[in-house]
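4 protein chains.
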Amino acid sequence: MSEQHWILTAHCPSQLGTVDAVTGLLYQQGQYITDLQSFDDRLHQHFFIRAQFRPENEFDEQAFRDAFQVRAEKYGMEWTLSPSDLKYKVVIMVSKFDHCLNDLLYRYRTGQLPIEIPAIISNHPDLKALADWHNIPYYHLPITAETKAQQEADVWKIICDSQADLVVLARYMQVLSEDMCAKLSGRAINIHHSLLPGFKGARPYHQAYEKGVKLVGATAHYVNTDLDEGPIITQGIEPVDHTYYPEDLTAKGRDIECVTLARAVRYHIERRLFLHSKRCIVFADSQ
Amino acid sequence: MSEQHWILTAHCPSQLGTVDAVTGLLYQQGQYITDLQSFDDRLHQHFFIRAQFRPENEFDEQAFRDAFQVRAEKYGMEWTLSPSDLKYKVVIMVSKFDHCLNDLLYRYRTGQLPIEIPAIISNHPDLKALADWHNIPYYHLPITAETKAQQEADVWKIICDSQADLVVLARYMQVLSEDMCAKLSGRAINIHHSLLPGFKGARPYHQAYEKGVKLVGATAHYVNTDLDEGPIITQGIEPVDHTYYPEDLTAKGRDIECVTLARAVRYHIERRLFLHSKRCIVFADSQ
Amino acid sequence: MSEQHWILTAHCPSQLGTVDAVTGLLYQQGQYITDLQSFDDRLHQHFFIRAQFRPENEFDEQAFRDAFQVRAEKYGMEWTLSPSDLKYKVVIMVSKFDHCLNDLLYRYRTGQLPIEIPAIISNHPDLKALADWHNIPYYHLPITAETKAQQEADVWKIICDSQADLVVLARYMQVLSEDMCAKLSGRAINIHHSLLPGFKGARPYHQAYEKGVKLVGATAHYVNTDLDEGPIITQGIEPVDHTYYPEDLTAKGRDIECVTLARAVRYHIERRLFLHSKRCIVFADSQ
Amino acid sequence: MSEQHWILTAHCPSQLGTVDAVTGLLYQQGQYITDLQSFDDRLHQHFFIRAQFRPENEFDEQAFRDAFQVRAEKYGMEWTLSPSDLKYKVVIMVSKFDHCLNDLLYRYRTGQLPIEIPAIISNHPDLKALADWHNIPYYHLPITAETKAQQEADVWKIICDSQADLVVLARYMQVLSEDMCAKLSGRAINIHHSLLPGFKGARPYHQAYEKGVKLVGATAHYVNTDLDEGPIITQGIEPVDHTYYPEDLTAKGRDIECVTLARAVRYHIERRLFLHSKRCIVFADSQ
Numbered sequence: 001m002s003e004q005h006w007i008l009t010a011h012c013p014s015q016l017g018t019v020d021a022v023t024g025l026l027y028q029q030g031q032y033i034t035d036l037q038s039f040d041d042r043l044h045q046h047f048f049i050r051a052q053f054r055p056e057n058e059f060d061e062q063a064f065r066d067a068f069q070v071r072a073e074k075y076g077m078e079w080t081l082s083p084s085d086l087k088y089k090v091v092i093m094v095s096k097f098d099h100c101l102n103d104l105l106y107r108y109r110t111g112q113l114p115i116e117i118p119a120i121i122s123n124h125p126d127l128k129a130l131a132d133w134h135n136i137p138y139y140h141l142p143i144t145a146e147t148k149a150q151q152e153a154d155v156w157k158i159i160c161d162s163q164a165d166l167v168v169l170a171r172y173m174q175v176l177s178e179d180m181c182a183k184l185s186g187r188a189i190n191i192h193h194s195l196l197p198g199f200k201g202a203r204p205y206h207q208a209y210e211k212g213v214k215l216v217g218a219t220a221h222y223v224n225t226d227l228d229e230g231p232i233i234t235q236g237i238e239p240v241d242h243t244y245y246p247e248d249l250t251a252k253g254r255d256i257e258c259v260t261l262a263r264a265v266r267y268h269i270e271r272r273l274f275l276h277s278k279r280c281i282v283f284a285d286s287q
Numbered sequence: 001m002s003e004q005h006w007i008l009t010a011h012c013p014s015q016l017g018t019v020d021a022v023t024g025l026l027y028q029q030g031q032y033i034t035d036l037q038s039f040d041d042r043l044h045q046h047f048f049i050r051a052q053f054r055p056e057n058e059f060d061e062q063a064f065r066d067a068f069q070v071r072a073e074k075y076g077m078e079w080t081l082s083p084s085d086l087k088y089k090v091v092i093m094v095s096k097f098d099h100c101l102n103d104l105l106y107r108y109r110t111g112q113l114p115i116e117i118p119a120i121i122s123n124h125p126d127l128k129a130l131a132d133w134h135n136i137p138y139y140h141l142p143i144t145a146e147t148k149a150q151q152e153a154d155v156w157k158i159i160c161d162s163q164a165d166l167v168v169l170a171r172y173m174q175v176l177s178e179d180m181c182a183k184l185s186g187r188a189i190n191i192h193h194s195l196l197p198g199f200k201g202a203r204p205y206h207q208a209y210e211k212g213v214k215l216v217g218a219t220a221h222y223v224n225t226d227l228d229e230g231p232i233i234t235q236g237i238e239p240v241d242h243t244y245y246p247e248d249l250t251a252k253g254r255d256i257e258c259v260t261l262a263r264a265v266r267y268h269i270e271r272r273l274f275l276h277s278k279r280c281i282v283f284a285d286s287q
Numbered sequence: 001m002s003e004q005h006w007i008l009t010a011h012c013p014s015q016l017g018t019v020d021a022v023t024g025l026l027y028q029q030g031q032y033i034t035d036l037q038s039f040d041d042r043l044h045q046h047f048f049i050r051a052q053f054r055p056e057n058e059f060d061e062q063a064f065r066d067a068f069q070v071r072a073e074k075y076g077m078e079w080t081l082s083p084s085d086l087k088y089k090v091v092i093m094v095s096k097f098d099h100c101l102n103d104l105l106y107r108y109r110t111g112q113l114p115i116e117i118p119a120i121i122s123n124h125p126d127l128k129a130l131a132d133w134h135n136i137p138y139y140h141l142p143i144t145a146e147t148k149a150q151q152e153a154d155v156w157k158i159i160c161d162s163q164a165d166l167v168v169l170a171r172y173m174q175v176l177s178e179d180m181c182a183k184l185s186g187r188a189i190n191i192h193h194s195l196l197p198g199f200k201g202a203r204p205y206h207q208a209y210e211k212g213v214k215l216v217g218a219t220a221h222y223v224n225t226d227l228d229e230g231p232i233i234t235q236g237i238e239p240v241d242h243t244y245y246p247e248d249l250t251a252k253g254r255d256i257e258c259v260t261l262a263r264a265v266r267y268h269i270e271r272r273l274f275l276h277s278k279r280c281i282v283f284a285d286s287q
Numbered sequence: 001m002s003e004q005h006w007i008l009t010a011h012c013p014s015q016l017g018t019v020d021a022v023t024g025l026l027y028q029q030g031q032y033i034t035d036l037q038s039f040d041d042r043l044h045q046h047f048f049i050r051a052q053f054r055p056e057n058e059f060d061e062q063a064f065r066d067a068f069q070v071r072a073e074k075y076g077m078e079w080t081l082s083p084s085d086l087k088y089k090v091v092i093m094v095s096k097f098d099h100c101l102n103d104l105l106y107r108y109r110t111g112q113l114p115i116e117i118p119a120i121i122s123n124h125p126d127l128k129a130l131a132d133w134h135n136i137p138y139y140h141l142p143i144t145a146e147t148k149a150q151q152e153a154d155v156w157k158i159i160c161d162s163q164a165d166l167v168v169l170a171r172y173m174q175v176l177s178e179d180m181c182a183k184l185s186g187r188a189i190n191i192h193h194s195l196l197p198g199f200k201g202a203r204p205y206h207q208a209y210e211k212g213v214k215l216v217g218a219t220a221h222y223v224n225t226d227l228d229e230g231p232i233i234t235q236g237i238e239p240v241d242h243t244y245y246p247e248d249l250t251a252k253g254r255d256i257e258c259v260t261l262a263r264a265v266r267y268h269i270e271r272r273l274f275l276h277s278k279r280c281i282v283f284a285d286s287q
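Those protein sequences? They're chains G, H, B and A, same order as listed.
First residue of the first sequence: 1, per the UniProt record's numbering; consecutive thereafter.
First residue of the second sequence: 1, per the UniProt record's numbering; consecutive thereafter.
First residue of the third sequence: 1, per the UniProt record's numbering; consecutive thereafter.
First residue of the fourth sequence: 1, per the UniProt record's numbering; consecutive thereafter.
Hints in this document: simulated from the structure, not taken from any laboratory.
Just so you know, not all the hints are guaranteed correct.
Identical chains blur together in the list; that is why a pair holds if it fits in one copy or across any two.
[As the list claims (entries may be wrong)] Restricting the straight-line Cα-Cα distance to at most 25 Å, the calculated cross-link-like pairs of lysine to aspartate or glutamate (DMTMM-like) are: (1) Lys252 to Asp41; (2) Lys148 to Asp248; (3) Lys148 to Asp241; (4) Lys252 to Glu210; (5) Lys278 to Glu210.
Keep in mind the model is a prediction, meaning the values are calculated, not measured.
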């Protein structure tokens with residue numbers, strides 16, 4: 001019995017037989033399902049499934065792919081198959097705030113987030129020491145209105161050269177161009193420091209203070225071309241009261257941002273996320 | 001030693017001596033402070049205080065008022081003094097949804113909310129049986145675009161005749177006129193079924209569904225002339241995920257709305273709330 | 001296409017093919033799966049599955065049962081099949097505290113909890129009016145050390161006569177005999193007003209006060225012969241602080257108890273719960 | 001107007017005049033109260049107060065102390081006075097798990113926790129690199145049953161030599177001797193990875209798994225001679241379900257432990273904690 005686990009994800013229009021298309025084949029081929037989640041979206045008439053499995057005997061990946069493709073075509077499925085221990089290459093982008101970066105690096109170096117980090121990119125030099133200590137290349141790419149196009153080209157080159165699977169905006173305080181957003185669609189995660197859709201845009205903690213809210217939160221979402229409007233992956237929250245000045249909300253928010261962003265990254269690398277319409281299906285898990 | 005407790009609230013511009021203005025007099029007059037909360041708002045330069053006390057010996061209310069008024073004038077304080085067991089007269093307005101009404105009535109009849117309810121007003125007849133069982137007069141005042149002015153006049157008459165201290169909009173699905181809002185300013189509490197400022201206006205649970213939020217909540221706020229923009233008193237929240245259809249969000253939200261609204265009403269009748277600028281200072285408590 | 005949904009639950013020792021045993025047959029027989037949850041317990045080597053489905057055409061229940069029984073025998077499955085709108089008969093037992101009863105009755109009369117309540121049993125007469133208003137028979141069965149055996153016999157008769165599927169101890173302040181617990185095993189739910197396993201036994205809020213805990217909670221669990229040790233179904237919690245006296249913890253706890261117990265009852269009637277070893281598998285849902 | 005803030009804490013038996021004893025003198029001496037919290041414990045008949053203030057003009061600390069001592073003697077008060085920016089010397093003790101240490105060091109190096117860390121002590125060598133990167137002396141003091149007395153003597157010497165104000169057990173997996181506990185009474189904080197009083201002792205996450213709890217948490221408490229029974233400072237919690245194996249509970253618990261311990265340390269250094277009887281009074285704040 002193999003210890004290597006695999007993850008199969010698929011989605012397609014709702015129709016009879018979608019579950020069996022996956023589970024039936026896994027059974028026929030002697031794959032032992034260790035975790036199975038599915039969702040049939042009644043309103044959008046779309047079906048999503050994620051199966052984690054381990055072969056009972058040897059596993060012929062190509063044969064499995066060929067067999068599954070037949071079924072996928074029948075049902076109009078888009079699908080992915082990959083080993084569960086596949087290490088995603090994650091490029092992290094930051095500015096000056098280091099709490100999210102520090103948190104991600106801690107989870108990285110302790111193996112809680114089993115990823116590779118080929119590059120940290122920043123428009124400021126401040127966080128280089130932290131990158132150095134983790135032996136991660138740090139690219140300081142300053143940006144101004146005039147240099148924005150060139151800077152983004154440089155960023156894009158690093159992302160391409162490092163073959164990044166995912167880009168994480170860990171409090172990167174620059175608005176990406178529409179072109180850049182489009183190129184990163186579905187593989188860039190941002191942390192916004194408010195409970196979206198409340199308090200979009202700049203200085204959300206100050207907005208929250210003015211409004212006198214009694215809860216403060218953070219939202220991890222996929223980047224799309226609509227600022228702070230990308231599909232929501234996960235949100236965190238804590239209660240506050242009138243005694244919180246904007247700097248207190250900011251401090252309280254830091255812990256929420258760290259945990260929320262780390263959770264979103266983990267969901268992504270564990271292939272628990274499906275983008276559909278403007279929403280994000282999340283097959284959450286233990287943790 | 002008296003068992004009768006009193007509640008003193010005061011607020012004024014920030015300045016040296018504001019705490020002592022309250023605590024010093026209470027001490028001099030032999031009042032035993034059982035609970036004291038204060039807040040000096042550094043950004044708005046305003047001071048708020050609430051003291052609950054019981055007289056060690058007899059209590060001459062008028063003498064206390066006269067003595068405190070001297071201090072209040074010195075500091076420019078607005079203040080209130082009342083026995084802690086004062087029963088507020090609360091008029092409840094509803095439409096067809098009964099969960100908030102049912103919850104308030106339960107707390108009323110068991111004494112958890114020590115209030116009087118002189119009237120329940122509705123634009124629908126549906127909830128009369130519930131009011132009847134609690135022996136509370138139920139006023140069915142239907143409303144149309146044409147009759148709105150007259151209906152509000154009728155509502156206002158009931159509020160006045162019953163000498164209501166507070167009006168609670170317990171899922172009353174009509175927008176009050178600007179005039180009505182102004183008249184009720186500072187003594188009407190609404191429950192909105194979203195985490196304001198997200199999802200203002202109609203059908204917030206449907207908006208939340210479309211947006212794919214991962215948290216759903218409710219907001220109790222004072223009514224003002226700006227729809228769903230009144231000062232926030234308290235908010236409640238629960239996690240949700242992609243499997244929640246709008247009707248599931250609605251069902252989940254019901255429990256949150258009940259608890260959130262009841263808490264706001266309790267805060268008000270315990271004189272824990274101060275309106276200032278667009279924000280609400282909340283001296284919350286055990287419970 | 002039928003609108004009638006069915007629920008199939010099954011569990012058996014872990015082995016290859018357990019998922020397919022369910023999903024394969026459903027597919028072959030033209031059943032459309034609307035919700036599917038499964039769990040393969042790696043440590044206890046046991047598999048659990050719950051499928052909600054609706055027939056695409058007519059549904060021959062007996063034929064389906066016969067076909068599934070063949071598979072069930074092969075895998076050693078225990079299983080149940082029932083229409084999703086099956087109305088459980090729920091007997092509620094109470095003493096003097098009415099908050100949980102009031103909450104359950106509210107959900108009952110509004111259809112949120114689609115159950116029948118053939119009887120409310122109490123060792124006190126206090127809550128009869130509440131039962132009467134809902135047109136539910138109220139049995140006042142006082143209990144003393146001497147009459148306990150007879151009282152339980154009377155209780156048991158009511159349970160049997162009403163063909164109760166579930167007994168809910170909604171703050172019933174009597175310890176059931178070991179014999180009674182055994183008879184009710186797997187179909188009686190109790191609400192305990194603490195976060196078990198902390199503060200078992202009497203007066204848990206007072207114990208919590210003495211201990212100075214900063215969180216207070218409630219636990220809904222199946223009744224078994226070990227007092228307050230039955231498998232945990234769900235737990236609720238709220239933050240507290242040093243200002244909470246025992247009566248404040250009690251008041252705070254009431255809302256938690258209501259929501260927690262109602263959730264546990266709903267899980268049970270929706271067939272989301274599996275008892276295994278000392279633990280309870282909970283296929284939770286939207287809500 | 002001075003920018004230097006001071007913190008005054010005091011407690012004494014409940015009696016008339018305790019608030020005024022503090023607030024009256026502050027007013028007379030021209031001290032501007034920026035934050036005031038008090039609690040009169042009705043059941044234990046004890047009074048607690050914490051005032052943060054800044055002098056309007058120059059501040060003669062000794063004169064203030066002399067004046068306050070007169071009042072303190074009258075009321076039987078124990079009290080402390082210190083500048084709000086006083087840097088506590090905090091010795092951290094760890095074993096092999098580094099998540100709490102990493103979190104504390106992050107808050108330390110970014111100034112979120114304004115403390116000095118004169119020493120990190122461990123019974124293992126593993127975490128030396130982390131200490132080195134922060135330029136903090138790391139003392140590797142292995143321990144066995146035979147060497148326990150000597151090891152504790154060495155630990156004690158480091159604590160004394162560094163003039164530590166506080167000792168933080170950041171997942172130090174050794175039980176301190178009764179003597180050591182006594183010496184550290186009131187100035188040592190431990191993080192226990194369960195919701196005390198549930199799951200005392202070893203392997204609490206495994207105990208929680210066996211019990212099938214639906215919430216997992218952590219408890220920061222003062223160390224006393226009764227293992228895992230010291231006064232609770234603060235607790236954190238997250239929901240879990242049946243899919244969490246012990247290692248998943250452990251992973252989930254890590255984030256809770258970090259935040260909970262850091263909060264307890266901050267409360268301590270901000271002089272927000274009072275030990276009384278077996279309970280801990282916590283004047284919590286914004287954050």
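Evaluation of the provided hints:
1. Lys252 to Asp41: Between. Shortest inter-copy distance 19 Å satisfies the 25 Å Cα cut-off; intra-copy 36 Å does not.
2. Lys148 to Asp248: neither (32 Å within a copy, 43 Å between copies)
3. Lys148 to Asp241: Cα proximity of Lys148 and Asp241: none, with 39 Å in one copy and 37 Å across.
4. Lys252 to Glu210: This pair counts as within: shortest intra-copy Cα distance 16 Å, inter-copy 29 Å.
5. Lys278 to Glu210: Intra 29 Å, inter 7 Å, cutoff 25 Å: inter-copy only.
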